[in-house]
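Mind docking chain B on chain A? Use the hints.
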Amino acid sequence: MDGMHDLGGKQGFGPVRYTRNAQAFHAAWEVRVNGLYSLAVKLGIFNMDEYRHAIERMEPRHYLAASYYERSLTSLATLCVEKGVVTVGELEQRAHGHFPLAAPSAPGRTNVAGRERFVPGDRVRVRMDYVPGHVRMPGYIRGKTGVVVNESPVYPFPDAHAHAIEAADEPTYDVRFDAAELWPDSADAAFVHVGVFQSYLERVAPGA
Amino acid sequence: MSDQLSLQQGTASVEQRVAAIEAAFDARGMKPGEVVRELTHLAQEQWVPQNGARVVARAWTDPDFRRRLLANGRDAVAELGLALPRHHRHLVVLENTPTLQNVICCTLCSCTAFTIIGLPPDWYKDLEYRARVVRQSRTVLHEMGLDLAPEIEIRVWDTTADTRYMVLPVQPPGTISWSEEKLAALVTRDAMIGVARL
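In order, the protein sequence lines correspond to chains A and B.
Each residue of the first sequence is one higher than the last, beginning at 1 in the numbering used here.
Each residue of the second sequence is one higher than the last, beginning at 1 in the numbering used here.
Among the clues, some could well be false.
[As the list claims (entries may be wrong)] Okay, derived cross-link-like pairs now, EDC-like style, lysine to aspartate or glutamate, Cα gap no bigger than 16 Å in a straight line: (1) Lys10(A) - Asp185(A); (2) Lys144(A) - Asp178(A); (3) Lys42(A) - Glu38(B); (4) Lys144(A) - Glu181(A); (5) Lys10(A) - Asp188(A); (6) Lys42(A) - Glu34(B); (7) Lys10(A) - Glu34(B); (8) Lys125(B) - Glu30(A); (9) Lys144(A) - Asp129(A); (10) Lys10(A) - Asp126(B).
No lab work stands behind these hints: they were computed from the structure.
Looking at chain B on its own, in the form it has when it is part of the complex:
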């Protein structure tokens, strides 16, 4: 990925640079192998969109939970055994309606509520999404396959502090009597980012 114009000749590959850091940590007794294994498990098995999907399905089926979730996301997701890292002190849940679409982004880096909605996808971290979605929201959503009627208001949430956001999508019509489990299977990470509707 590196642009050879910007990196001097003889720059080590990223793989070599990662191995160098890991070896330096290992030489200092920091046990990188063990921690990398543990964090890899967390990243791939625990921090997954199915967490957020459970939250959404519960909010669709339990009006009291929905109220608690909108009032204090961090406390409400804890009821489902879900946690945020200590430095994410606030989880704000953004409720979509038929006439309102919330979209989240991070223009300065790539912050997300990753323990709840999963680690951010590649395109969320790319320069294009970060630069454009705040200014050309409707155009970008259209390009990504989400056509919104002109009367639908768009709110873009730029994650500039350690408050984290997730979008609560509108429950699809015709799913009212469905079980929580079946509903959760409908919910995608992209719908919780706000670039898709269900």
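Extracted from the complex, chain A is given alone in its bound form:
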């Protein structure tokens, strides 16, 4: 989905609030959320793709205003309700107030037909796919051309794995993009490397 989470290249944000030796946690409840969601994953209530997708489904204003661990908490609660572990009524009763959850999921998809195997040096284009469910293709590479640098071992296909749809595991390709092609005339000179699932890629004919 083209959700609020897809932040790469968005403009208007100010300086990074950087401090040396910054902490991962700032409050005891954040540590508890981290433990509780890990427990839910360990118990098989949901997988990491479902977890990420439930964060993406948060109402955009809630997503932007929430801290990292509030997003984690919202995903955890949403999935526990959707999986029938607990009702929202029980959660709200226990929390003594409203408990905002993420919006319902749109359909997922299985692997793209006619996936190709690539080797380092191949030129590839990211397909112009618009996916209503979970997808791990950041919007800034859609339709863009890059060069394959490496291949990873196969992974569950996230577009399917977040929606309990059958799919073959597939490799991801480390694809190198030139920032000047991603954002012509409005990016610092750099190469941007993205781990791109095989289903998102098509070959660019040599010389094209």
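Frame of chain A; chain B shown alone:
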């Protein structure tokens, strides 16, 4: 942290919401207290940047290990007794040179090789870093205190799949004969993310 414009009146605080989930888990015999204690220990005592620092120090002092690390990070860190979660199937180690700076990020969420380089710092998970570092890399690094000469190439690695990355920093000059232990003490999490040089 919640924006009251986006959340309806009467929204429970985050602390109340966490307590609600924990109580619901407890009522179902899922033993959240025990697991939270165990995971808190892991998060604060085991998943620390000192792990990655040991890997870097070994790579600086042992050329064969360095080769194995660059070829297959997951297998190489296992030699030091370090592991990644099962779903991180690949650890790619990115070697900096005097003319190359690698930087890692996750624009879609906040993925990191947390068992090796430590849980990500707050700024790594903030909207600013996620939105800007892919597009304004040199500017963002400058703002964070890292000034790179124009001839230094920047490569930004966006962690969009379950492959994980860590940066192998350049060994500081004048430390060539140092012991592995002393070298490891020099290595910071931020240098393994790639926003600092040593």
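Quiz item: Failing hints, ascending?
Solution: 7
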